[in-house]
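Undergrad: Line by line, the protein sequences are chains P and L. Per the working numbering, numbering through the first sequence is continuous, rising by one, with the last residue being 188. Per the working numbering, numbering through the second sequence is continuous, rising by one, with the last residue being 351.
Honestly, the hints are just simulated from the structure, not real lab data. In this text the structure is predicted, and so the values were computed from the model without any measurement. Glycine included, each C-beta is placed from N, C-alpha and C at the ideal position. Wrong hints could be hidden among the right ones.
Derived Cβ-Cβ restraints for the label pairs, each shown as a range [claimed, not checked]:
#  : chain 1 : residue 1 : chain 2 : residue 2 : range
1  : P       : Gly-35    : L       : Gly-191   : 37 to 43 Å
2  : L       : Val-196   : P       : Gln-29    : 49 to 55 Å
3  : L       : Tyr-271   : P       : Pro-82    : 27 to 33 Å
4  : P       : Gly-35    : L       : Asn-219   : 40 to 46 Å
5  : L       : Asp-95    : P       : Asn-26    : 42 to 48 Å
6  : P       : Gly-35    : L       : Lys-126   : 44 to 50 Å
7  : L       : Glu-157   : P       : Gly-35    : 17 to 23 Å
8  : P       : Ser-176   : L       : Glu-222   : 38 to 44 Å
9  : L       : Glu-90    : P       : Gly-52    : 50 to 56 Å
10 : P       : Gly-35    : L       : Glu-222   : 19 to 25 Å
11 : L       : Glu-171   : P       : Gln-175   : 21 to 27 Å
12 : P       : Gly-35    : L       : Glu-93    : 38 to 44 Å
13 : P       : Pro-82    : L       : Lys-193   : 37 to 43 Å
14 : P       : Lys-84    : L       : Lys-195   : 40 to 46 Å
Listing some non-contacts, in silico: residues in chain L with all C-beta distances to chain P over 12 Å [claimed, not checked]:
#  : residue
15 : Glu-82
16 : Gly-188
17 : Lys-193
18 : Asp-242
19 : Gly-304
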Amino acid sequence: MADTITFSQEISNLMYAAHGSPLNNCIQCGTCSGTCPAVEFMDQTPRRLIGMINADLKEDVLDANTSWVCASCYHCTVRCPAKIDIAGAMYAVKRYSIWNKTYSDDLVGPVFSETFMKTIVRSGRSYEPILAPTYIFGFGAKEFFQEVQGATKMMLKGRIPVLPSKIKRLKNFQSMIKHIIPMGEEE
Amino acid sequence: MKKYAYFPGCSLEKMALSYHKSSLETTKALGVELEELDDWNCCGATTYFHLDEILANTLVARNLAIAEKEGLDFVAPCSACYKNAYFTNTYMKEDEDLAEHINFALEADDLQLEGNMTVHHLIDIFANEIGADGIKEKVSVPLEGLRIAPYYGCQIVRPRKNGEEVEAPEFFEEILTALGAEAVDYTNKTRCCGGSLLLTNRKAALDMIRILLYDAVQSGTDVIATACPLCQVNLEAYQTQVNEEFGTDFSVPVLYFTQLVGLALGIAPKKLGIGMELVSTLPVLSQFIAKEAR
Ligand code: SF4
Ligand code: SF4
Ligand code: SF4
Ligand code: SF4
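Assemble the whole structure, with the sequences as input and the hints as a guide.
TA: Structure (structure tokens):
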């Protein structure tokens with residue numbers, strides 16, 4: 002039956018550990034959209050996105066910037082009368098688009114997530130300056146300048162580390178990760 | 058003296074060093090011991106969850122397992138770390154299948170996790186373990202007349218952990234009033250600041266920060282108190298950029314709640330990392346700091 006799995010099922014499967022109600026319990030009440038602090042920057046509101054997932058409108062869901070504009074603040078999740086974990090669904094859509102490489106090139110989110118991930122696999126700790134060049138390409142010149150200004154100020158105040166720290170049992174840590182997903186050759 | 062396994066998280070190593078210092082100083086003064094977790098790893102913030110849920114939970118589980126081995130309950134000062142730790146710990150008990158996957162991976166580092174400890178945000182230790190009365194007893198420099206806006210942010214209160222109040226929490230206010238300060242009442246205390254959207258959708262994030270700053274300042278705030286390194290940086294370090302983007306002139310200090318607790322307990326500002334902020338706090342705090350320590 003693997004070949005007849007619908008898009009909405011695929012998204013639900015990517016919500017493995019989320020423990021909300023099934024997405025098709027959605028009653029399209031709009032509480033999530035009304036609550037969302039980022040809604041005006043989304044091309045589809047959270048309510049519409051859930052509706053589109055349930056209708057298996059895969060292309061439209063993946064074209065929308067909605068999941069990448071979601072800040073994972075869970076305000077919608079705690080208010081949904083149908084007890085759907087909308088924030089969790091947003092994560093599932095992000096996962097789908099990263100794993101299937103369907104995200105559009107002008108989105109910075111996926112690149113950021115992947116780079117962050119690689120840094121951690123390498124060192125066990127996150128290290129913001131390493132990430133900077135990667136996501137900064139997504140900004141315009143003005144934003145880039147602002148970012149550098151901000152970073153310099155923090156650096157002067159001793160608030161940005163110069164070198165990433167590593168955890169001690171890094172080998173074990175990396176092999177632990179490989180037990181879960183086969184990825185990331187060590188450099 | 059109750060002892061906890063303390064998971065500082067990456068931000069506290071440098072970016073939020075003042076939070077780290079003030080957390081250790083104030084808990085010590087209030088009779089709680091924080092023992093830093095040995096060889097912890099980054100828990101992935103919200104970012105791993107974009108990639109793979111099981112992996113994300115495994116990374117969090119490693120830290121929890123180290124604490125469990127020590128037989129200690131777990132405390133995190135970063136709201137994102139806390140949320141991750143809380144839910145992974147809960148899932149370990151509720152979801153056998155997930156627990157099996159995770160424990161299989163943890164074997165690679167000779168660890169196992171049952172999920173029997175309790176997981177706390179640092180502010181919970183102040184609000185519940187020590188309690189407002191316990192704090193009040195030790196206050197030697199009441200922050201009288203100081204108007205502090207408690208900023209909860211999102212992940213401390215959401216998602217709901219255990220049926221608790223998520224729309225209008227009050228525990229942060231109780232801590233501030235115990236210090237003798239006035240807790241500012243403003244609408245958006247639990248509204249999201251945009252989080253890591255700053256890196257991925259800057260326009261949206263700056264606008265979300267603007268809304269929060271506006272609300273707090275409009276309500277007569279001298280200083281905003283946060284309980285999360287990410288909230289602190291978003292609200293403070295990005296004020297200049299909000300000002301450039303929207304033509305506003307925000308310049309409101311943003312401190313960690315532990316720094317304010319420390320001041321009220323009479324701890325020297327330097328030990329609390331006061332002076333590392335980008336928006337100076339001297340104009341509002343100088344009256345509570347002895348001349349020679351300024
Ligand atoms: S709040 Fe819940 S039920 Fe209402 S539209 Fe959103 S997802 Fe559907
Ligand atoms: S979790 Fe995402 S979709 Fe839900 S309210 Fe927050 S930003 Fe909006
Ligand atoms: S949530 Fe932030 S601070 Fe906490 S461990 Fe993860 S990246 Fe580091
Ligand atoms: S308020 Fe902002 S920084 Fe704080 S937890 Fe929410 S998104 Fe993260």
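Undergrad: Indicate, hint by hint, whether the structure satisfies it.
TA: We went through each hint and held it up to the structure:
{"no.": "1", "hint": "P:Gly-35 with L:Gly-191: 37 to 43 Å", "verdict": "holds, 40 Å"}
{"no.": "2", "hint": "L:Val-196 with P:Gln-29: 49 to 55 Å", "verdict": "holds, 51 Å"}
{"no.": "3", "hint": "L:Tyr-271 with P:Pro-82: 27 to 33 Å", "verdict": "holds, 30 Å"}
{"no.": "4", "hint": "P:Gly-35 with L:Asn-219: 40 to 46 Å", "verdict": "violated, 26 Å"}
{"no.": "5", "hint": "L:Asp-95 with P:Asn-26: 42 to 48 Å", "verdict": "holds, 44 Å"}
{"no.": "6", "hint": "P:Gly-35 with L:Lys-126: 44 to 50 Å", "verdict": "holds, 46 Å"}
{"no.": "7", "hint": "L:Glu-157 with P:Gly-35: 17 to 23 Å", "verdict": "violated, 40 Å"}
{"no.": "8", "hint": "P:Ser-176 with L:Glu-222: 38 to 44 Å", "verdict": "holds, 43 Å"}
{"no.": "9", "hint": "L:Glu-90 with P:Gly-52: 50 to 56 Å", "verdict": "holds, 51 Å"}
{"no.": "10", "hint": "P:Gly-35 with L:Glu-222: 19 to 25 Å", "verdict": "holds, 20 Å"}
{"no.": "11", "hint": "L:Glu-171 with P:Gln-175: 21 to 27 Å", "verdict": "holds, 24 Å"}
{"no.": "12", "hint": "P:Gly-35 with L:Glu-93: 38 to 44 Å", "verdict": "holds, 43 Å"}
{"no.": "13", "hint": "P:Pro-82 with L:Lys-193: 37 to 43 Å", "verdict": "holds, 40 Å"}
{"no.": "14", "hint": "P:Lys-84 with L:Lys-195: 40 to 46 Å", "verdict": "holds, 42 Å"}
{"no.": "15", "hint": "Glu-82", "verdict": "holds, 18 Å"}
{"no.": "16", "hint": "Gly-188", "verdict": "holds, 26 Å"}
{"no.": "17", "hint": "Lys-193", "verdict": "holds, 31 Å"}
{"no.": "18", "hint": "Asp-242", "verdict": "holds, 20 Å"}
{"no.": "19", "hint": "Gly-304", "verdict": "holds, 14 Å"}
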